[in-house]
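Student: Below, each chain spelled out in residue letters.
Number of protein chains: 4
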Amino acid sequence: MLVVMKDHASSGDIQHIVDLLTEAGAEAHLSRGEIKTIIGVIGDREVIYTLDFEGMPGVEQVIRVLKPFKLVSRDFQSEDTVVTVRGSAIGGGAFGVIAGPCSIESEEQMMTTARAVKAAGATMLRGGAYKPRSSPYAFQGMGVEGLKLLRQAGDAVELPVVTEVLDVRDAETVAQYADILQVGARNMQNFMMLDELGTMKRPVLLKRGLSATIEELLSAAEYVLKGGNRDVILCERGIRTFETYTRNTLDLGAVAALKSLTHLPVIADPSHAGGRRELVAPMSRASIAAGADGLMIEVHPDPERARCDGPQSLTPADFEALMADLGPRLALERKLLGVTG
Amino acid sequence: MLVVMKDHASSGDIQHIVDLLTEAGAEAHLSRGEIKTIIGVIGDREVIYTLDFEGMPGVEQVIRVLKPFKLVSRDFQSEDTVVTVRGSAIGGGAFGVIAGPCSIESEEQMMTTARAVKAAGATMLRGGAYKPRSSPYAFQGMGVEGLKLLRQAGDAVELPVVTEVLDVRDAETVAQYADILQVGARNMQNFMMLDELGTMKRPVLLKRGLSATIEELLSAAEYVLKGGNRDVILCERGIRTFETYTRNTLDLGAVAALKSLTHLPVIADPSHAGGRRELVAPMSRASIAAGADGLMIEVHPDPERARCDGPQSLTPADFEALMADLGPRLALERKLLGVTG
Amino acid sequence: MLVVMKDHASSGDIQHIVDLLTEAGAEAHLSRGEIKTIIGVIGDREVIYTLDFEGMPGVEQVIRVLKPFKLVSRDFQSEDTVVTVRGSAIGGGAFGVIAGPCSIESEEQMMTTARAVKAAGATMLRGGAYKPRSSPYAFQGMGVEGLKLLRQAGDAVELPVVTEVLDVRDAETVAQYADILQVGARNMQNFMMLDELGTMKRPVLLKRGLSATIEELLSAAEYVLKGGNRDVILCERGIRTFETYTRNTLDLGAVAALKSLTHLPVIADPSHAGGRRELVAPMSRASIAAGADGLMIEVHPDPERARCDGPQSLTPADFEALMADLGPRLALERKLLGVTG
Amino acid sequence: MLVVMKDHASSGDIQHIVDLLTEAGAEAHLSRGEIKTIIGVIGDREVIYTLDFEGMPGVEQVIRVLKPFKLVSRDFQSEDTVVTVRGSAIGGGAFGVIAGPCSIESEEQMMTTARAVKAAGATMLRGGAYKPRSSPYAFQGMGVEGLKLLRQAGDAVELPVVTEVLDVRDAETVAQYADILQVGARNMQNFMMLDELGTMKRPVLLKRGLSATIEELLSAAEYVLKGGNRDVILCERGIRTFETYTRNTLDLGAVAALKSLTHLPVIADPSHAGGRRELVAPMSRASIAAGADGLMIEVHPDPERARCDGPQSLTPADFEALMADLGPRLALERKLLGVTG
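Protein chains in written order, with the working numbering: chain A, 1 to 341; chain B, 1 to 341; chain C, 1 to 341; chain D, 1 to 341.
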């Protein structure tokens, strides 16, 4: 931590900070310029994070140079984390494609979708049983009944299944049916849920919040790892900006940055990011090129009648075409990066 | 709802939409121009919100003209909602000042603060027992022990108390101690929590999410009202923008807009918005002038040693000075607006 | 400037930075922790701003603690700058109200507006002769003909006039007719225009860019002052955010922050910020309360037929009512702040 | 254009709008629901863009369904525009790589860079002679002297040259030396400059503003085409968001969207977007995959001593490695998309 003092701060103000630091068990290193004095602070992460000097007399700015996360960082673990469920892996060169409808609507819908995405090469099946909807008047999901249909469809085609935990009280129930527990963008900073999932035995797919920074996403993942659960997949799904043509702005720079900052697998969700079917294919290609470890794609047998996110859902035929297009790209990627997969 | 068709959309595509509308029980009104056809849709809110034509063949844009909320709107209820707890009111001309520390730290801290803010004219006491912290290494709050200290301090000075429900599983426990249940910015779209609070007998203080639109804030409040709980106070606490000098950007245009869109009381939190002590006073004044029904202000007896948000906390002396400054402004406001309070 | 080295940076990398600093004539102060080394740099502003160590081997982050501006700061000049034209002042306790139409349309329109705003208490007259329009198909302004009408109307009612310089090549021409030269939001970082205006004898009204930070606004003003022109008025007019209900988000925290960072007068433009007539009054009140030195308000005798910005324009009657409402607020503000005006 | 009336708007208010429309020469089509009336407006683009009903009595919302641009759209011209200078093409399957330093510093620097980028496969040479710098204390460029060095280097290696016009008064001078005239992000809405460039005989490289929407970028390009100059290249260079780890957020969804909305070539600038050298390669790959027609990349022989943007500049060796990596990707892209180049 660096404490930048105001121009010509008094020696009393400077000494006061130094005293508080000493009191807290940290070390202070002074760097005095003619105009400015800067105090470098050395100490344990836990100590540093309890100190807050902003707004104190004579203090201009406090800069934290120790990142607020540790377990998720490349410094802590240099080799890639590989998350594997039922033989299907994501990370460390293994590319995962999680496909399925936004919301689970019926047995037929799930079975049709499951067969189609499996045939096209998806590695996991998704479907929402509990839907976070801005309006209380929109469809809220099938609940436990939906979880059963998802499990059944996954078993039928031998694909692991991913679904969202919307309410921390349902975590155990969802874990009975799902292989991977998804935390939605709106819950990325639901720290009580992150704590709970940290104690569970299921991998967690953590979506970036609509206005969360890269650092906040990593800090949210740190909550899960700190609880003992090391299997976290990060998902970039678009951030909120002033642009209105696309629903959100897919931040692929964040994907590339995350790959260097953390050992956790990073996937992209081009369906939610753009909110437009025609952008799914180019953004899927771009995600691969940016270094993503996988994709999450919405597929519905009849998007026109989908109860949620129809405009961005691919038909099974669209999805098959997309997978055919992505195949040679992934092969090239592996070749160029020397990944053996 | 308006369905704007693409330029020169085929009559087959147009008819297809009309058929789907009829099937769903809604009415279609066509407006055919030479280049564009627009389909006006008339039907129940519940029906309209299950329809989603975006991305369908020939469709360029879908525009919803019915708002996704109803119970919270001025159209539904024109007179101001007044939230009253233990004789203390907010809304309908009654101005509330909720003051206290970011986090509850000790009995002495709470008692000192409670006495000071009461003496200066605060109408409610606040304090956090469960703290949402970006980093798992930061102080997370005292929990139930903190709730007891808050209640005790509120009782001692005869002020109702407000505190955050961070985990939906704690809602009942928090309600045993608190008069008003706060939903934090990060939980604004935790719909399961909103549903739960909708069934409870405690007023809810709902903070706007960091990147939530005005419409999303109102839709979140709609969840609570739809559950049967009509006592909701909205709180503008700053939105996330590119500006870095202030922590967030206090959106007072939203306060003014909300006052015309909804009958619910609207308050502002200048402490969190700016993140800087020196901005609390000017932003408090501006909030009053923009039409806010109240303020939420962080006060700590010793901000330098506060375990959270010290930089933006006022000392008791600062708070007293602020209240003295706000008094004549509120009086003038009442006079000019002809409010009898 | 602080150069924060990566964890465990090599001594070679550290020495390399120190050598480059010495070579450039700056001083390096090392603060070595067990994990991190930080290099404090002392030197002239001009030297520091030519150095750029980001991306160099071993460097994690470069933090500039010297602000990129000097002449505009309170540190350089503590007393308020007062901009006075034809006896009308803004700043240092003098509150200015600049009113008039978005665009100059006809002699009658200008004369009617000028008389109305003068009668209601405006201190300056505005009107656009050159309009920046996103679409080339929209009305682009009357040009020199408009400037003449503006001047004529200002003279008739004895109000100084303010108008925008859209093209640096027109600066001299505009200066023949106008008392204050406005730089629009889209030109805030048109540095060649800022340089040109810095050499002229007319005060400059500088609008904040749609996505400009406070620091960038001050740096843009620094260009003008560096050229020798000390009379700059800053104008907050709303920034671009994800919110769509209001056209832009009026950032009153920036007004308050600017008042402490700079000695220049700071005004607000509630008409452009909200883009909605009904928000002009509450945002005007809030601007005063936040500490603004003045307001810029669009007034049109017949907003329904205005060629630009009709939705946010006040009628003369609206404006009169607003001024009547603002009067006692300004009086109270002066009393409470002890300003003598 | 659609005029959405408020719930239960009076027939007087509705008739008033219809009258104004008729008066202006447009046609009104009414769609009356029980709660809402919607007025569809049919007329010429030029007429529609002079009408502005927002804020009028009874009007809730005005929705423009005709886009504010025409000449740039795919509807107007379906086949790709190909911009060709000195035998080097961008667009229509031809991929351009524009490389060179942020600012021109010396003959040696330009010659070294020119030879290196030519050898590695760049198709155009860039370099800035006039630099837009936030701070007036930063290096502002070599001016005409720099233009000469750029021309000389381009001629020596037989590459066309691209450079920025910072001041409209310099446009003619810059055009004497440069093959393509760049409009920087800060000037994207400098409409007078766009008008001027529209009359010139040099292709224009138009960078997206830091907070410009896709529609605004296309409208800015429309200014140039409307003036008669059809050779415009659009450039996505990152938008301003709340994220601070990257300098800006590269919006590749915008690249994909632009490719379907317009026939103009679209390139990406990964150097400015990320502001970090290590992100240039992944973002270059992702840009290609998103459908970009080219890249703009900063290369400097000695980034550590670059006078501008060193942290994001590649060395000649980095650039050579990048080009080697991009080659097979471009080949695959051509093969998969069936482009013959």
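What the hints contain is simulated information worked out from the structure, not anything from laboratory work. The model shown is predicted, which means the values in this text are computed figures rather than measured ones. C-beta atoms are modelled at their ideal positions from N, C-alpha and C, and glycine is treated no differently. Mixed in with the good hints there might be a few duds.
Chain A regions said to be covered by chain D (calculated; three or more residues, Cβ under 8 Å) [said to hold, decoys possible]:
#, stretch
1, 83-95
2, 121-131
3, 247-254
4, 282-291
Below, simulated BS3-like cross-link-like pairs (lysine-lysine); rule was C-alpha separation at most 27 Å, straight line [to be verified]:
#, chain 1, residue 1, chain 2, residue 2
5, A, Lys36, C, Lys70
6, A, Lys70, C, Lys226
7, A, Lys259, C, Lys70
8, B, Lys6, D, Lys148
9, D, Lys70, B, Lys259
10, C, Lys70, A, Lys67
11, D, Lys36, B, Lys6
12, B, Lys36, D, Lys226
13, D, Lys67, B, Lys6
14, B, Lys67, D, Lys36
15, B, Lys67, D, Lys259
16, A, Lys6, C, Lys70
17, C, Lys201, A, Lys36
18, A, Lys67, C, Lys6
19, B, Lys36, D, Lys70
20, A, Lys36, C, Lys259
21, D, Lys226, B, Lys67
22, C, Lys226, A, Lys36
23, B, Lys6, D, Lys118
24, B, Lys259, D, Lys6
25, D, Lys36, B, Lys226
26, B, Lys6, D, Lys335
27, D, Lys6, B, Lys70
28, B, Lys70, D, Lys259
Among chain A residues calculated to face chain B with C-beta under 7 Å, some are [stated by the list, open to error]:
#, residue
29, Gly43
30, Phe76
31, Tyr223
Student: None of the hints should be skipped; say for each whether it holds.
Tutor: Outcome of the hint check:
1. 83-95: Since three or more residues must qualify, the claim that chain D covers the stretch 83-95 of chain A is violated, with 0 doing so at under 8 Å.
2. 121-131: With 0 residues closer than 8 Å to chain D, the stretch 121-131 of chain A misses the three-residue bar; violated.
3. 247-254: holds (count 6)
4. 282-291: holds (count 9)
5. A:Lys36 with C:Lys70: Distance of about 15 Å is within 27 Å: holds.
6. A:Lys70 with C:Lys226: 46 Å, violated
7. A:Lys259 with C:Lys70: Status violated; Cα separation ~40 Å.
8. B:Lys6 with D:Lys148: The hint is violated at about 50 Å.
9. D:Lys70 with B:Lys259: 40 Å, violated
10. C:Lys70 with A:Lys67: This hinted pair is violated, its Cα atoms lying about 32 Å apart.
11. D:Lys36 with B:Lys6: 23 Å, holds
12. B:Lys36 with D:Lys226: Holds, at roughly 24 Å.
13. D:Lys67 with B:Lys6: 12 Å, holds
14. B:Lys67 with D:Lys36: 12 Å, holds
15. B:Lys67 with D:Lys259: 33 Å, violated
16. A:Lys6 with C:Lys70: Holds. Lys6 (chain A) to Lys70 (chain C) sits at ~15 Å (cutoff 27 Å).
17. C:Lys201 with A:Lys36: 36 Å, violated
18. A:Lys67 with C:Lys6: 12 Å, holds
19. B:Lys36 with D:Lys70: Judged against 27 Å, a Cα distance of about 15 Å means the pair holds.
20. A:Lys36 with C:Lys259: 23 Å, holds
21. D:Lys226 with B:Lys67: 39 Å, violated
22. C:Lys226 with A:Lys36: 24 Å, holds
23. B:Lys6 with D:Lys118: Violated. Lys6 (chain B) to Lys118 (chain D) sits at ~45 Å, over the 27 Å cutoff.
24. B:Lys259 with D:Lys6: 18 Å, holds
25. D:Lys36 with B:Lys226: 24 Å, holds
26. B:Lys6 with D:Lys335: 31 Å, violated
27. D:Lys6 with B:Lys70: 15 Å, holds
28. B:Lys70 with D:Lys259: 40 Å, violated
29. Gly43: Cβ of Gly43 (chain A) sits 12 Å from chain B, so the hint is violated.
30. Phe76: With a minimum Cβ separation of about 14 Å from chain B (threshold 7 Å), the hint on Phe76 (chain A) is violated.
31. Tyr223: At 5 Å from the nearest chain B Cβ, Tyr223 (chain A) passes the 7 Å test, so the hint holds.
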